[in-house]
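**Student:** In order, the protein sequences belong to chains A and B.
Heads up: take any position in the first sequence, counting from 1, add 221, and you land on the working numbering.
Heads up: take any position in the second sequence, counting from 1, add 2, and you land on the working numbering.
These are computed hints drawn from the structure, not numbers from a lab.
For clarity, every value in this text was computed on a predicted model and none was experimentally measured.
This list has only true hints and no planted wrong ones.
Derived DSSO-like pairs: lysine-lysine, alpha-carbon spacing no greater than 27 Å straight-line:
(1) 519/A / 10/B
(2) 78/B / 467/A
(3) 10/B / 298/A
(4) 528/A / 15/B
(5) 529/A / 15/B
(6) 298/A / 13/B
(7) 525/A / 10/B
One letter stands for each residue in the lines below.
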Amino acid sequence: MDIVAERKKSSSLIEPAIEGQLQAISGGSNFDDYNSPLFVAWQLNSACNLGCLHCCEEAGHSMPDEMTREEALDFCKQIAELDIPYVAISGGEPLLCPHIFDVCEAIRNNGISLKIETNGELIDEQTACQLAKLKLRSVQISLDGATPETHEKLRLRGDWTKAIAACKYLAGYGVNTEVVFVPTKFNIHQIGDVIDTAYSMGIYGVYTGKIMQIGRAAKNWDILCPSDEEYERFFDVLREKTTAYKGKMKVYYYPYDVIEELKYRLECPSASLLVVPNGKVKLIGPLPFICGDLKKQKLSEIWKNYKKAWRNPQVIEFAKKVIADPKLLAESNNQKEI
Amino acid sequence: MNFTEHTKIRKEKFGTVVFDTLTEKIFITDQIGGEILHLIRQGKGLTEIVNVLGDSYDGDKQLIEKDICEFVNQLKSNNIVSA
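Just chain B, same shape as in the assembly (with noise of 0.2 Å):
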């Protein structure tokens, strides 16, 4: 997974901007959200993610392995990364 050419991302107080500089459209995430777009800029892939929040935090892995996945898609689906 890689951040589409013209996504920019920005850690703020209140969580994460995502900012499409082509569309000219604005996202905002919270602090897992913010791990995640993190981890997708170093890198890693889903499998690794899913694993290093899975670590981090306490919680039914499947659960949490599925809301990482809905939350990529959505990234996917707003053109902010790429598979």
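Only chain A is shown next, with the shape it has when bound in the complex (with noise of 0.2 Å):
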């Protein structure tokens, strides 16, 4: 008896994706040989109450036709249906959203993983409390200093010590917490300290990677990306302390930059759908193409348009043209059907 993993004969389990966050997400089998994504990210709503220079999303008020708490809860049900494993809710900031606590009970009630990407500003020791009920996978707070004036230069309104005293709360509460890093002109040269503060709190890992030259980022490109010395003493800073928090703490980095990522998904889309606000649904963060629309149609419809999507001519051509000219990826926003 042979156990065979993938195409090849191993009499092995095998773990087919290369090392690193999204690869294992979506890595695996070609993608079109998935009956269903594997992972769903969803972009809960577009209001927040920050107005960060690298917001991918360009969060900051409510778009007018968000999917209702009755279209939300339906894509939940649908995502139970299609039995996929593990979800990530977002925003803008996802805990001004009305109906947050109810879509997330009804994907934890069908015992689907999920985890939450927030600022932490509104988590007070009631809501890490009502967080903790919901047993989630984990709870990931963006702090993108070690100091009050490193993380709010970046994050305009923001305010460090909510952030932080979320991290507290959520680790005092037993969720699994997580940090994400945006390294930037400003702060990048405080990583090592965040990943020392992180740890102090009990966090369970600290992730981070190249900033992504997508949407208010991609418009702030100029002020924001660190030059490539500052990456080369961010990644060793990031190696040494790898290696320091080994087996204490997860500290993840993801070494490529989005056009890498880009050229890597040309060749091997992932399992994984994007669904922004107004249930449209993205093909992937960097390109502004949309492959259906959850208001009019069903997961399982998207799915398959999706798997087209990767092969349409129109698609291939702009990516393309983004790896060329990666100024382009400041249209990431700009929802265009196909």
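If you follow the hints, you should be able to join the two separate chains into one complex; please do so.
**Tutor:** Printed below as a string of structure tokens:
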């Protein structure tokens, strides 16, 4: 008896993905072979209490046509029906969405792994307790500095002390808490201190990688993008910290930029969908293309569209243009139907 | 044996996908690996799994047992199941 993995004969269970979060999520067999996505990234709302200079979603105000509570709950039902194992909810700031807990409960009641990505500013002790009851895979807090000045320079109207307090409340209630750090010219030198701070708060893992030239980050690129030398030092620190915290706290960094990611995805699209607040389904963050609309179509139909869309000449041609001229990434949030 | 808290498994036409959503690592295995995973999900222990698959497949039972043990050890070492 052989246990065969993928198309290779082997007597082992294999890990087909290359090391790294995005690859791991979407790796495995060809995405065409999957009956449904393995992962859904869901931007629940557009409203945000902050105005971050590097916001990929250009969040701030609500979209007029965002999914209603009923539409969102129907989507949750479809996620369960298609046996999708893992969902990540973000925004905007998802905790501003009035039905976020209804949505989270609907997902968790079906045993689906759930991560919430938040700026943490609305997480007081009571909310942390409420989140703990959901037994989430994790809550991910954005921490873009080891000091209030640095964090708040990037996260306009942000309050570093609230993000720190959120981490402490969550960790205190036993919630698997992660910190995400986006490096920019303003804060890249503080990565080591952010990692140390995270460890001191009982954080499960720190995630980082190169800033993505998407949305508002693309518009502010010249003032945000670190130099090659700064990135070199940044990755040196990350390597040191990864070793220092081995077995104590996960330090994860994705070494590729958005263009490298896009090149890879053209060859190997992921088995995942990105849902934006109005129910439209994007092909991938850096491209503007929409392959479905949850207000009008079933998720199963959209999954079929998604598979076809990656072979659409319009998509391939535009993606190649973006790869040649990354400034086009600034158009990533201008939704285009295909 | 139980699946670890954040492990999800799903049957596909090419086999079974094992998704450790905590580490965000994906593993795949073939039909027989999928059967073992299904039996684990039903709460079966190693002896029961060996008996079920031994009855279902022709071949030397000792070899089948060896293969199943190896597979289960891989599941444990990848933190997909706990003892």
